[in-house]
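As you go down the protein sequences, you meet chains A and B in turn. The first sequence lines up with residues -4 to 61 when you count with my numbering. The second sequence lines up with residues 819 to 1325 when you count with my numbering.
Take the hints with a grain of salt, since some may be wrong.
As the list claims (entries may be wrong) - As a list, the in silico EDC-like pairs of lysine to aspartate or glutamate whose alpha-carbon atoms are at most 16 Å apart:
| id | chain 1 | residue 1 | chain 2 | residue 2 |
| --- | --- | --- | --- | --- |
| 1 | B | K1311 | A | E22 |
| 2 | A | K36 | B | D1128 |
| 3 | B | K875 | B | D930 |
| 4 | B | K1311 | A | E21 |
| 5 | B | K1317 | A | E22 |
| 6 | B | K1198 | B | E1288 |
| 7 | B | K1189 | B | E1082 |
What the hints assert, rightly or not - Just a sample of chain B residues kept apart from chain A, beta carbon distances all over 10 Å, derived:
| id | residue |
| --- | --- |
| 8 | L821 |
| 9 | S1058 |
| 10 | D1109 |
| 11 | Y1240 |
| 12 | F1245 |
| 13 | G1321 |
These are calculated hints, taken from the structure and not from any lab test. By construction, the Cβ of each residue, glycine as well, lies at the ideal position given by its N, Cα and C atoms.
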Amino acid sequence: MAEEKKHSSEKQEEARTELEKRVSEEEQVRLVLEQARQDVKRIAKKERDGETIPRELLSFRMRQLK
Amino acid sequence: MMLERRGHNYPPQAIDVIGLPDELASIFPKPVGQVEDHWPPLQLTYLGSYVAQLGGKTLVVENHYIDRDYIDDVALFYARSLRDYPNYCYRIHFFSLPFDKERWRSLVTETDAGRREQNRKLLQDSYLGFAAVRPLIGAPIGRTVLKTFPEQTPTGETRAFGGARDYTVHLAGFELHVRGLAFQQQDQGVSACATTALWSALHRVAPQEGLPVPTPADITEAASRYVLEDGRSLPSAGLSIYQICEATRAAGLAPPLIRGVSLEHDRAQILAYTASGFPPVLAIQPLNSADGHAVCAVGVKLGKVGPGVDPEIHYRDAATAVCGVYLHDDRLGPYASTQLESYTLDAGEIQTKLNIRWPGDQASFNEAILKAIIVPLPPKLRLTVARMRGLAVAVAQRVALLFPEFQGAITINCVYRRGTSYREGAFAHGLSEEGLYTLLCGTVLSRYVGAIELTVPDGPLLDVLIDATETQANPSVLALIRRQMWPTSALSKLEAMVKVFGGTCLR
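Same shape as in the complex, but just chain A (with noise of 0.2 Å):
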């Protein structure tokens, strides 16, 4: 009985460091995707830039002869 009561405690001793490890691990690629996050926050929003439209851009005519 007692043999058998440590042999589960190892057991779930076993199960709590491998879940601390995968929770550590996911922790470590969480906290590096949330720098890549912000050091690319400035890039991404440079991006749309041309999204901003000039209104007098709309009027731009194009007449050019051959």
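Dock chain B against chain A, hints included.
Below, chain B alone, put in the same frame as chain A:
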């Protein structure tokens, strides 16, 4: 007296065969009394020079050809002139094979089916395309489809003509094919530069969407339906960007408008749209003229991908490889080679300059500033390249930080693909049987998907597929697809990425 029989006769349909003359213009008659304009028109000289560069040796000239675009111009405009403009054109076919009329006769009159097919193949192998020649003074070049330049340049760059498509041509009972994009010269009656640039762009995208290609007459009428800045639509005095957008909408397509920002920004837009089969219209301001001009970008010239300049950014951008663009410029001709450069305006602003050149020559024909990019797109393709790239940089930087061994080696490329084409090519992606099956039979894809492709020098690393019917790239990820170079030992990192970006993990 007896009145003449006018218009009762059919014009002769003789086909002539001649060698490519040193000057193509020498077979075109100079208009009587023309003193103000230069003769021959630059477009004729350019066409002869381009065909010679492709290795053209022989011209087959159809004397009576009804061109859909020209006859529409006649119906809208020229039929009401005092001059009796014919409603038909010449059509010149260009071949790299030297042959004379006698040989041509024997090729087309062959009755044995096997030998006839051999003859067709002989002509097909040397077929360079065609040009409709309109009976218009000073503007003879009508619908012209020519083969593009070869894929490799003599100096080691690559040419990619994503704006080209296949055309079927019927000549003397033979069916021939040519891959290119239709070009024509503005006639200043029905069309101006903007009309022909948009017409070329629509030639690529309209057929693949099951839409009819509008003629220049259709475009001019649609563009001037609501806005008439010059007071009248015909003769055409050019179009504004607003009118180009209006004509694009009338053709059943949607035109995102992108302002010219900088060389880095603009070349990325041009690369992504042309590579996806959506040739954009470029609104440009020539440096030597007050008038704006419009051209159509058909392809790009690609050199080496440049290294990143920011030490905190660990990926490279495929768009840095773009060193030139091939334009349909109706002042010159098809596939005009153009270099892209940064240019500082008087106000200190830095913009993209186009240096347009003669074929096979370093001499500059014209320099112009890129003002705007207008892309005729299918209406349901709502995700812009800019937004796709915004997500691409975020994905690439994350992957670079997760795999220090790939830092500085990852290259991002953004492109639209048909969902069906992506599935068709997926068997070669190195996916597991489960992953491949899930992609083919268990993942919903939009008609067009935005594809962010991450590669390393040894091969592809990761594809991110985005629902292109959405406006925002995030959160609209449909799938993250592991490619051959993603390490087998790091599948948990792929799953972590899926947790961040959403979508299905395919590995």
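Verification of the hints:
Using a Cα cut-off of 16 Å, the hinted pair K1311 (chain B) and E22 (chain A) holds, with the two alpha carbons roughly 12 Å apart. A distance of roughly 14 Å separates the Cα atoms of K36 (chain A) and D1128 (chain B); the hinted pair therefore holds under the 16 Å criterion. In summary, the hint linking K875 (chain B) to D930 (chain B) is not supported, as the alpha carbons are separated by about 27 Å, beyond the 16 Å threshold. Distance check on the hinted pair: K1311 (chain B) and E21 (chain A) sit about 9 Å apart at the alpha-carbon level, within 16 Å; holds.
For the given pair, K1317 (chain B) sits about 12 Å from E22 (chain A) by alpha-carbon distance, which is consistent with the 16 Å threshold. Using a Cα cut-off of 16 Å, the hinted pair K1198 (chain B) and E1288 (chain B) holds, with the two alpha carbons roughly 9 Å apart. Between K1189 (chain B) and E1082 (chain B), the direct Cα distance comes to roughly 14 Å. Compliance with the 16 Å bound is thereby established for this hinted pair. The Cβ of L821 (chain B) sits about 40 Å from the closest Cβ of chain A, beyond the 10 Å cut-off, so the non-interface label holds.
For S1058 (chain B), the requirement that its beta carbon stay farther than 10 Å from each beta carbon of chain A is not met, with the minimum near 5 Å. Once the 10 Å rule is applied to beta carbons, D1109 (chain B) is inconsistent with being away from chain A; the minimum gap is 5 Å. Its beta-carbon lying about 23 Å from the closest one in chain A, Y1240 (chain B) satisfies the requirement of being farther than 10 Å from that chain. With a least beta-carbon separation of about 30 Å from chain A, F1245 (chain B) lies farther than 10 Å from that chain, consistent with its non-interface assignment.
Against chain A, the non-interface label of G1321 (chain B) holds: every CB pair exceeds 10 Å, the least being about 15 Å.
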